[in-house]
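Colleague: Each chain, written out:
Protein chains: 4
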Amino acid sequence: MDFSLSESLQQQLKWAEQFVQTNIVPIELKVLHSNFTDQKSEIASLQQQVKEQGLWAPHMPLAVGGAGFDLVALGLLSEVLGQSPLGHLIFGCQAPDAGNMELLHHFATPSQQQQWLQPLIAGTMRSCFGMTEPSNAGSNPTLLQTEAKLDGDHWVLNGRKWFTSSADGAGFCIVMAVTDKTAPHHQRASMFLVPTDQPGYQRLRNIPVMGDVGSGYFSHSEIELDNCRIPAENLLGQQGDGFAMAQTRLGPGRIHHCMRWIGVAKRALNELIAYTQQRQISRHAVLSDMQTVQTWAADSAAEIAAARALVLQTAWQVQQLGFKAVRSEVSMIKYFTANVLQTVLDRTVQGMGALGMTDDTIIAFLYRHERAARIYDGPDEVHKNVVAKHLWAEQSNALSSAQS
Amino acid sequence: MDFSLSESLQQQLKWAEQFVQTNIVPIELKVLHSNFTDQKSEIASLQQQVKEQGLWAPHMPLAVGGAGFDLVALGLLSEVLGQSPLGHLIFGCQAPDAGNMELLHHFATPSQQQQWLQPLIAGTMRSCFGMTEPSNAGSNPTLLQTEAKLDGDHWVLNGRKWFTSSADGAGFCIVMAVTDKTAPHHQRASMFLVPTDQPGYQRLRNIPVMGDVGSGYFSHSEIELDNCRIPAENLLGQQGDGFAMAQTRLGPGRIHHCMRWIGVAKRALNELIAYTQQRQISRHAVLSDMQTVQTWAADSAAEIAAARALVLQTAWQVQQLGFKAVRSEVSMIKYFTANVLQTVLDRTVQGMGALGMTDDTIIAFLYRHERAARIYDGPDEVHKNVVAKHLWAEQSNALSSAQS
Amino acid sequence: MDFSLSESLQQQLKWAEQFVQTNIVPIELKVLHSNFTDQKSEIASLQQQVKEQGLWAPHMPLAVGGAGFDLVALGLLSEVLGQSPLGHLIFGCQAPDAGNMELLHHFATPSQQQQWLQPLIAGTMRSCFGMTEPSNAGSNPTLLQTEAKLDGDHWVLNGRKWFTSSADGAGFCIVMAVTDKTAPHHQRASMFLVPTDQPGYQRLRNIPVMGDVGSGYFSHSEIELDNCRIPAENLLGQQGDGFAMAQTRLGPGRIHHCMRWIGVAKRALNELIAYTQQRQISRHAVLSDMQTVQTWAADSAAEIAAARALVLQTAWQVQQLGFKAVRSEVSMIKYFTANVLQTVLDRTVQGMGALGMTDDTIIAFLYRHERAARIYDGPDEVHKNVVAKHLWAEQSNALSSAQS
Amino acid sequence: MDFSLSESLQQQLKWAEQFVQTNIVPIELKVLHSNFTDQKSEIASLQQQVKEQGLWAPHMPLAVGGAGFDLVALGLLSEVLGQSPLGHLIFGCQAPDAGNMELLHHFATPSQQQQWLQPLIAGTMRSCFGMTEPSNAGSNPTLLQTEAKLDGDHWVLNGRKWFTSSADGAGFCIVMAVTDKTAPHHQRASMFLVPTDQPGYQRLRNIPVMGDVGSGYFSHSEIELDNCRIPAENLLGQQGDGFAMAQTRLGPGRIHHCMRWIGVAKRALNELIAYTQQRQISRHAVLSDMQTVQTWAADSAAEIAAARALVLQTAWQVQQLGFKAVRSEVSMIKYFTANVLQTVLDRTVQGMGALGMTDDTIIAFLYRHERAARIYDGPDEVHKNVVAKHLWAEQSNALSSAQS
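Protein chains in written order, with the numbering used here: chain A, 1 to 404; chain B, 1 to 404; chain C, 1 to 404; chain D, 1 to 404.
Source of the hints: derived by calculation from the structure; they are not laboratory data.
There are no misleading hints in this set.
Since the list can't tell identical chains apart, any single copy or any two copies may satisfy a pair.
Mimicking BS3-like on lysine-lysine, the simulated pairs with C-alpha atoms at most 27 Å apart in a straight line are: (1) Lys181 x Lys324; (2) Lys14 x Lys30; (3) Lys324 x Lys14; (4) Lys266 x Lys389; (5) Lys51 x Lys14; (6) Lys389 x Lys14; (7) Lys266 x Lys324; (8) Lys181 x Lys149; (9) Lys30 x Lys51.
Whole structure, please, built from the sequences with the hints as guidance.
Modeller: Right under this line is the structure:
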């Protein structure tokens, strides 16, 4: 075993850390509280600095314009960037674009790549991913209702999506739709590239989420597809491969999420420490003198460290063995890390008292929005079921081999 | 022991329950998402119905225009009203006005009562309470910085307050200020009646709290007192009695809060049940078929029931023995109930999934704003310290008497 | 609502409290660490004092030689007695005899009562209750395997029981056995009075439980019924009524258990306080000066108080409405209280450090044996299911009535 | 980063796993429930097989007769061995002997090594470590009371120790005693090698711990030193170095403990899975079909995996940087892992129901004795304080460097 990092990676992470603290954190509240459009130029200027540093789009191969980080390195960078809600956006590896880039890189035709992937990597266009539907449990793909029917050389899409993150301002949406109701469950759906200015595609609203309607990149929309006709060549990948491709997208995505959450949790812990160290509670004591606060910090630190160690180990395993072989481990880090995050955030809110309730610091924003970590991309309960099934099977295997 | 309720109280609670479900719950989201001013007439019309039913201002004696509920009855009503954020407002017993009415009823001169108490009871004016300050830990009164100096027949107030709830639209503010820095700690402060249009009194802003800037009744403001001169007769009660009066206000206030939280928690549990019973997770199952959801509901129900039983018992004890005798018990219900509430809300968010994150239901509003329950009016940690001190003393007493 | 207690009950509880602290607690470790037989005379002498005080067999009516406490009073006494593992035994209301007395009082024929009930009430005989079986989940009665077949004027019993508490030294066992495999599930079983010296009845061993094999009253046995022939008149109640009668036994039994657990929890909290107040951790501080210890005590006190209030309320409801009407509430207090107990015990062990691990104090005994509280008499999970079903049905009723 | 293991280490771990499951687990209950002396020959025969395999005393260098594992490898082996309470004993790396061997290896004179270390490494003698005292908080070394006074060429020791593990049957005890009351706190104590047959050294009793008095290796004794005279050359290391040497002993010891706990936790999880997979709860379902059980397993698996990843990372850091540099990290794994262990054990007890309460399986033994994990070697609270201090200092450093 060897937990050391290469000298060059250490340098890159150090630069990113410094950049996040010095250039991103100071503007995050302003950006989050404004209309996104008004902040675009300031964001673009920071993005330019990242590009110049060679850290832009770290998840993509060097050959196509990314920084070519492997999954472990990406995780470590994601931890740094996660300290601010703007971090990933400014480094060009923000959800949902990062996942979409990976999808397009793997499955798009050359001409699709030229049209859709290149502007994403260049950072000149944003995109969204339309999978979740309001009336169906996202964890059960067999309930998907949006349909795509082939009509001559066009697909006609009908259905409703919601929690389509960052749809506001996106150039296109990758839409998941049923193309064959009668196929085996996991071969029913396909993915489509739908330009957001296509007739029949309508962004109905930005859903108000935990107090924020949001705008631009920081929003989650409800989308209607009403006889939306798109050319046949806008099918992404093979017909019927929708779920398989979505899995491909989710695997590394969960690693990214988990490492980002580690970064969020670290931010929260640091805010707790900084605040309580200067908050007078009497003429002779500050809040951090209280054993309860010390316990919060020590518990948070341990939980974060444990989650971090497990996520990095899992990232390494995915790199070595592929996502499928460690699917149970990936489920494990999903719920474990999301719960650590929520617990840590809650302690920080409590430690900051009334101030923690206000939007004068970043903490309330994180407390509200990161609550979703235990829900999106498979709620805790679904992932625990995956892990339990795996444990049951392992034990059965152990029994079988013991008896044979 | 006798846990039965009088027939008349049962009828009153039943009417209130029906009224909350039928008339208040359906409009709550609209009111919360609008500018408060625009909703005033609709609210007033509901308030009128409550007045006609004889349930208006239930915490105030019949003689001064209230419904004359005792503390236990008030608790039971508060539980019903707590099911909607609008409940107490529509029944004329909302914080901070309810506490202010009690203060004025006990300590105001007849002329002060005429000027300030009567419009509050009539519901024609709202008020606020300026105690908490941004730069001082509220739990330590010796840190209070706002000062009032007598200058001829006027008091001159200087200082800054925040989390002054419902200041937006209030007619006056009861301000706590230091009148004698050299007095013993708990005799340093006094209370003042400050009209909100008084020069020198300025509402700087509504503080953005967990995603909401709020407006009117549903807001929390930052207030500046800059050489604000008020007549000497605006002193409320005796000079130096500020903290003692505040305690008077807080005692029953904590009972009200706790019973309101029980109502909030019940609402959350009911939303969880209603949602999961209809949410399909497969062709043959709804979400409430899952044992995990059943466990959430069963745990929530038990915790709510236990908190409720303890709060009612404490309300009865306060009635019998006075607040001072059961101060430790009141601290106990404060943190116990607030934590039950937060846990129950968290389970409901999880059970409702993505929908629970949106402001399309009341749950996200409750999740965000009721997080403050563990903070305001003394954070958990302060109340636990009160209880521990009491336990330590009890044990010492037991030891002393055993040894004598 | 009225939480006051009659003067006479207060006096009785006060006497019991004094007696437990002065006469029972000091001998409990000696009794628990000895062979039970050797301690009988000392126990009998204490029992005699209770009889003289008129508090013997408080759960039984005055008419048959008990003290005639109602369920609420019994609960309050049980709380006092629960502070020592010997409390109930010395007051003649210990499980399983107390439940057996109730069964015999309700269902036994006069001649059965003379033979079996009278010596129990007199305290000259002990008994046991044979229901749980090693190879079947106790929570599912349809899995019961012990059988009783009528052969002439005798019943022949075959099967195996375990966790038959206090069988060691008991005069008879009430055995639950299937009498009609083909009847509806809840009418398959009947109860039988089996003398422990009956041929075919064999106590195989005392099961080692959490480190203790135990002896006499403080033991749990495994029992074999091997063609055990008992006269037809030893059938208790009606054939096929086994489960219904068991429910009758369990209802008040759960109230007793819960109030006893409250007593155990109080004992643990008091031990924590007493220990930490005198344990030096430095030249200038004792352990109870630590905020963490204060938090443990405050949390434990609140949880105990809440559980207590809910259990008393439920006892009162059972008295008013009968067990069946509040079955869900009784399930609720079972798991809520058992979990409070375990949490409180765990905190006390931690607070007492190495000493808490030893059997030099009562805490390790309680920590080990009361772990069963979450398991016996229906594990948490089964009771939560009962409560959830009740909640689901209530909501459905609410919906039905809303729609009609 | 590289999480891979060498082929040879994988083979060694595989052999150990097989050996534990096949040869050790089947005899563990018999050994634990018997007098230790009666089991010595069976244990010795297993130890011989380990020696032949070259895995004996893995923590000691090859040069002195050990297997020469580094700290990470040792951790991984410890995880395997921890699955049975006999594992470490049979591999010659059991506490307290393992720590004592390390002490003697580092600090003993050649002649001391010949007399004391060689028989330990050979497995022909056992030892104990006398540090903890009954009347003093072990976490505060300044309270140590046992004294050693030089009298001519002898040291005279007086004091009392307890929780001296495995003293029953040990050949010598390493005793910590104050040699200079007036020295700075951490230089007051020294270590002494005391043969257990030395006059003045008396093993008073085996302390009953959680139901077990124990015997031989599996015991914890109370020891009296009453004018115990030992030759001057029995001083171990330098006078005044007692605490420094104890730290040396504790550092790797905590890694060992944590990895052993991981093994215990895995054992518990496996028992839960195996039991619930075969336990019928109805004609058509087994216990592991219940979502609650699945959640327990999934949570346990994730917590174990996270603790494991963090402990291994910390072991690697200790190897690279030395114990002192990662003291805070070592404290972190201590409380994090101990709490995971307790939680996992508790779930297994609950899942196994009544059977989990009995000593018919290993679970009750583990539940009882491993409760000490949160207490010995520094209770949770002390380690959290260490971590908090470290976090506070780090933040202060960050602030200092930011301001400079």
